[in-house]
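Protein chains: 2
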Amino acid sequence: MLKEFASKWTPEINKRLESFLEEKEQVAKNYGEINEKAFRYMKEMILSGGKRIRPILFIAGYLSQGKEPDEGILDVAVAIELFHNFLLIHDDVIDKDETRRGLPTVWKRFQEELGVDQHTAFSLAISTGDILYAFVVEKLAKARIDPEDRIKVLERFTHTMELTGYGENLDVYLPNLPIEEVDEKWVSLIHELKTGIYTISFPLTLGAELAGADEDTLNALYEYGIDAGIAFQLHDDILGVFGDPKKTGKPVGNDIREGKRTLLLLTAYKNADEEQRRILEEAVGSDDEKKIKQAIKVIEETGAKEYVDRVKKELVDEAIERIKGLDLKNGIDRFLEELAVYLITREK
Amino acid sequence: MLKEFASKWTPEINKRLESFLEEKEQVAKNYGEINEKAFRYMKEMILSGGKRIRPILFIAGYLSQGKEPDEGILDVAVAIELFHNFLLIHDDVIDKDETRRGLPTVWKRFQEELGVDQHTAFSLAISTGDILYAFVVEKLAKARIDPEDRIKVLERFTHTMELTGYGENLDVYLPNLPIEEVDEKWVSLIHELKTGIYTISFPLTLGAELAGADEDTLNALYEYGIDAGIAFQLHDDILGVFGDPKKTGKPVGNDIREGKRTLLLLTAYKNADEEQRRILEEAVGSDDEKKIKQAIKVIEETGAKEYVDRVKKELVDEAIERIKGLDLKNGIDRFLEELAVYLITREK
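Line order of the protein sequences matches chains A and B. When the letters of the first sequence are read in order and numbered with the numbering used here, they come out as residues 1 to 348. When the letters of the second sequence are read in order and numbered with the numbering used here, they come out as residues 1 to 348.
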């Protein structure tokens, strides 16, 4: 059902993204070659794929109340996807990521295609991201929905951006702390803010709210999103260490190499003896294959993998439990159940 | 009149900025020490001064139509000032500026007070700026004005952000081009976008629009802003080379040292003979006092200073001409005349 749902709505979203961006591109062209390029890099990134999971969840939320999305609702769906891409442009600067969706990232294209230095490329990407943020708000302010609803959308929207920003700050800062000083609760909070709320709760609840859902339903969907989002990230952490490189596209033990502060690592560290701690400390952030393999072994031996696996399953059970008994129309109850299970069983 | 006007309205704006930020700070405190600090750096920067020129021009625009600002209008004024500070946080990353309003900049405080590396400090400042951007939109979405007016404000607002972003991209990119490849029109466009529209036309026109000004008045105020804004920047360029270091706080010939592509420099280069061009090329971006002094001499000898001085005066005459005959109440006609003259006669 997930697949059919996505293949029905993805083209609708993409079509509207494309026409919005084409219209906006005409403005950019008045401001010199640099802005023509900036716009093109941004547009090509947005249109080069992406699973459109957030606008799809938004539409699912709307459908769950027995209503069919109209053009106004699709305006909001487009804004939600633009919002995500704005965050990705800034994220790629923050993480110094060089590829996304098979293309060089926006900052990397500035660097490669204009021949400017890295800081200039970062700078152009920061301000190009800020322009995209303006488009998001414009799209929402002009959405063909009731003006009172537009205000509601903007409030939920800005609140989400605020929380996502706090999640991002935590995420950027945590790797600067020694493993033993990182509290599990901060790791879990990052997942709650950056994945649970931002990716799932926010779009799903917003869709349901615009379709007139009651308070209890909204709360249940919000909690579903947090549980499923954290579970998704825990599964991601497991894939980041134990995943099949052929499927994930990342080398074995990639998260250890990158020094990520995951629940998996923190649990292993907590349960480890002195010798095992030494192995973990030496492997985290290192490029040494042998050390990384030893660390992977420690993560299994200390029971950390088993523990995180259990937590993620419990969270998904809880997520499904939360939406039991809600009156969700158009098969969205089944859709959300399938989604939660998919999030923790996918191989990439 | 400018001073009395500012000293009447600045405390009103500051008081409301402070209470808004204190309320928001309570949210940040739920998300760990890093966000408590991020918020504090942002708040202290916003409250540590600044001329509040944009919200003041917004209020002037409103008063010009014979109406007295109420709380809703002051909500918008606060949002305009927050918007400016969001841009400053990102700008300081882009320019790697280390001080602002007598304090270390936001990214610099992250670096100094947390002991993180420069890129981590930049990253935290990028996402802290994004949070502030969310506050701007929230403040506008909740402004105590008519919902239809809120939509109008958001549209003008996002359009301004879009244009300012294009101006920023040009500004970041231009110093990467050799002097002879920089077209005057791009330099003038940067001033139009980043100073004319963003600093003057946008707030002034928005205020007048909310107070019910007619189309002709709005257009005249918009054009006034562009002329006065460009004139302001040309004067700034002159101060940046010929200004009294005791007053400007910057060393003599600072703009030459920084390699800025100003109309002053482009004109000098255009009028220069081969020997003079060599002097300019060697001085731009250099730290050599002697070379900079020679370049300053070339800028005078080629008539560039005189030319830019004339252009700036013509622009101010034009700006004042544009608002002649408008029916501006509350003495705002005189206020705008005084302002335009002040912008090109100030010594710092």
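Misleading hints may appear alongside valid ones.
One copy or two, it doesn't matter: identical chains are merged, so the pair holds either way.
As the list claims (entries may be wrong) - Each computed BS3-like pair below joins lysine-lysine, with the alpha-carbon atoms no more than 30 Å apart: (1) Lys-250 - Lys-329; (2) Lys-293 - Lys-29; (3) Lys-290 - Lys-142; (4) Lys-270 - Lys-37; (5) Lys-246 - Lys-152; (6) Lys-293 - Lys-305; (7) Lys-8 - Lys-305; (8) Lys-8 - Lys-270; (9) Lys-142 - Lys-152; (10) Lys-24 - Lys-152.
Calculated from the structure, these hints are not laboratory results.
These are the hints, each one checked on the structure:
1. For the homomeric pair Lys-250 and Lys-329, neither the shortest alpha-carbon distance inside one copy (39 Å) nor that between copies (66 Å) is at most 30 Å.
2. In this homomeric assembly, Lys-293 and Lys-29 never come within 30 Å of each other (Cα to Cα): the closest approach is 52 Å inside a single copy and 39 Å across copies.
3. Taking CA atoms no more than 30 Å apart as the test, Lys-290 paired with Lys-142 passes in neither setting, with 56 Å inside one copy and 56 Å between copies.
4. In this homomeric assembly, Lys-270 and Lys-37 come within 30 Å of each other (Cα to Cα) only across copies, at 28 Å, whereas the closest approach inside a single copy is 49 Å.
5. Taking the shortest alpha-carbon separations for Lys-246 and Lys-152, neither the intra-copy value of 44 Å nor the inter-copy value of 51 Å comes in at or below 30 Å.
6. In this homomeric assembly, Lys-293 and Lys-305 come within 30 Å of each other (Cα to Cα) only inside a single copy, at 14 Å, whereas the closest approach across copies is 68 Å.
7. In this assembly of identical chains, Lys-8 and Lys-305 lie within 30 Å of each other by CA distance neither inside one copy nor across copies; the values are 37 Å within and 64 Å between.
8. Neither within a single protomer nor between protomers do Lys-8 and Lys-270 lie at most 30 Å apart by alpha-carbon distance, with minima of 46 Å and 59 Å respectively.
9. Taking CA atoms no more than 30 Å apart as the test, Lys-142 paired with Lys-152 passes in both settings, with 13 Å inside one copy and 9 Å between copies.
10. When the C-alpha separation of Lys-24 and Lys-152 is checked against a cutoff of 30 Å, the pair qualifies both within a copy, at 25 Å, and between copies, at 19 Å.
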